[in-house]
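All residue numbers for the sequence shown refer to full-length UniProt numbering, where the first residue is 1 and numbers rise by one.
If you're looking for bench data, these hints aren't it; they were derived computationally from the structure. Just to be clear, a hint being listed does not mean it is correct.
When the alpha-carbon atoms are kept at most 27 Å apart in a straight line, the in silico DSS-like pairs for lysine-lysine are as follows [as the list claims (entries may be wrong)]:
#1 Lys25 x Lys85
#2 Lys162 x Lys25
#3 Lys162 x Lys85
Taking CB as the label site, the calculated pair distances span [what the hints assert, rightly or not]:
#4 Leu69 x Met128: 19 to 25 Å
#5 Glu34 x Thr148: 19 to 25 Å
#6 Asp87 x Asp30: 22 to 28 Å
#7 Gly190 x Pro142: 39 to 45 Å
#8 Ser84 x Asn2: 32 to 38 Å
#9 Ser66 x Tyr15: 40 to 46 Å
#10 Gln185 x Met128: 19 to 25 Å
#11 Leu69 x Pro4: 42 to 48 Å
#12 Lys85 x Gln106: 34 to 40 Å
#13 Leu126 x Gly190: 21 to 27 Å
#14 Asp168 x Leu86: 33 to 39 Å
C-beta: ideal position from N, C-alpha, C; glycine also.
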Amino acid sequence: MNRPMFHLNMGLYDYVLEPVATGYKAVTPDFVREGVSNVFANVDMPYIFINDFLQGRGQQGMEDLSRFLVNSVFGLGGLFNVASKLDLPRHDNSLGVTLGVWGVPQGPYLVLPFYGPSSLRSLPGLAMTIFVGPAYYLTSAPAQYALTGMGIINTGYIDEPKIRMVQDAVNPYVFMRNAWEQHEQYLISGGTVSKNQLLEGLQLPPPAASTPDQVTQSHESKKGNP
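Make a model of the complete structure from these sequences and hints.
Given below as structure tokens:
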């Protein structure tokens, strides 16, 4: 079921999310999109620093907590990314990573509808993101739908380069699966996995072969010809 679900998600991105995200980009100025992305990133920070501390990574937790407080107070609720200017890093984290640090095996790899790659170990983290998200605490259903929809559109806009990389891979399904699993392992290991290890198994598109015209143009440019 994973492969059909993968193709369903990619189709939804191509025919639904991408056009909406493209329209969003066309009608909003850069500073508005940046502000929206900053707010949603800041909203995720409690979920991140809670898992930092659950993993026993105190320094990382303090950095993420400090980032959340700085952006919430001095960045007007996260609208402005003041923390990055103060060199406070942002870490990626989840409950699935916490369970991995605790020794819980990954279990079967899963592709979830509308969500994407996951695993049996990561499923509890999905519920946690719902309960720590602001939409859960809104009493107005229209407000919940509006906030959730805005988050989806923002995600589509932010993830566009990643989706393009998947689509350009030799085997997009295998590429996404390997990339997701290796990223999870990287987070679980605390960043001790090397970049070469992370790239193992990823099926990147082969470099484009140079045509005779391209070779000639390259040779002429080296000689200083226009």
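Status of each hint after checking the structure:
With a C-alpha separation of about 25 Å, the suggested pair Lys25 and Lys85 falls inside the 27 Å cut-off, and the hint holds. A C-alpha spacing of about 17 Å is found between Lys162 and Lys25, which places the hinted pair at or below 27 Å, so the restraint holds. Our distance criterion of 27 Å between C-alpha atoms is met by Lys162 and Lys85, whose separation comes to about 25 Å. Hint check: Leu69 to Met128, Cβ distance near 21 Å, so the stated range 19 to 25 Å holds.
At about 21 Å, the beta-carbon gap between Glu34 and Thr148 stays in the expected band of 19 to 25 Å. Separation of Asp87 from Asp30 is about 23 Å and conforms to the stated range, judged on CB atoms against 22 to 28 Å. Here the CB-CB span from Gly190 to Pro142 is close to 42 Å, well matched to the stated 39 to 45 Å. At roughly 36 Å, the beta-carbon separation of Ser84 and Asn2 lies within the given 32 to 38 Å, and the hint holds.
Our hint of 40 to 46 Å for Ser66 and Tyr15 holds, since their Cβ atoms are close to 42 Å apart. A hinted range of 19 to 25 Å for the beta carbons of Gln185 and Met128 is consistent with their spacing of about 21 Å. A hinted range of 42 to 48 Å holds for the C-beta pair Leu69 and Pro4, which are about 44 Å apart. A beta carbon spacing of about 37 Å between Lys85 and Gln106 agrees with the range 34 to 40 Å that was offered as a hint.
One distance hint, 21 to 27 Å for the beta-carbon pair Leu126 and Gly190, holds here, with the actual separation near 23 Å. A C-beta distance of roughly 36 Å is found between Asp168 and Leu86, which places it inside the suggested range of 33 to 39 Å.
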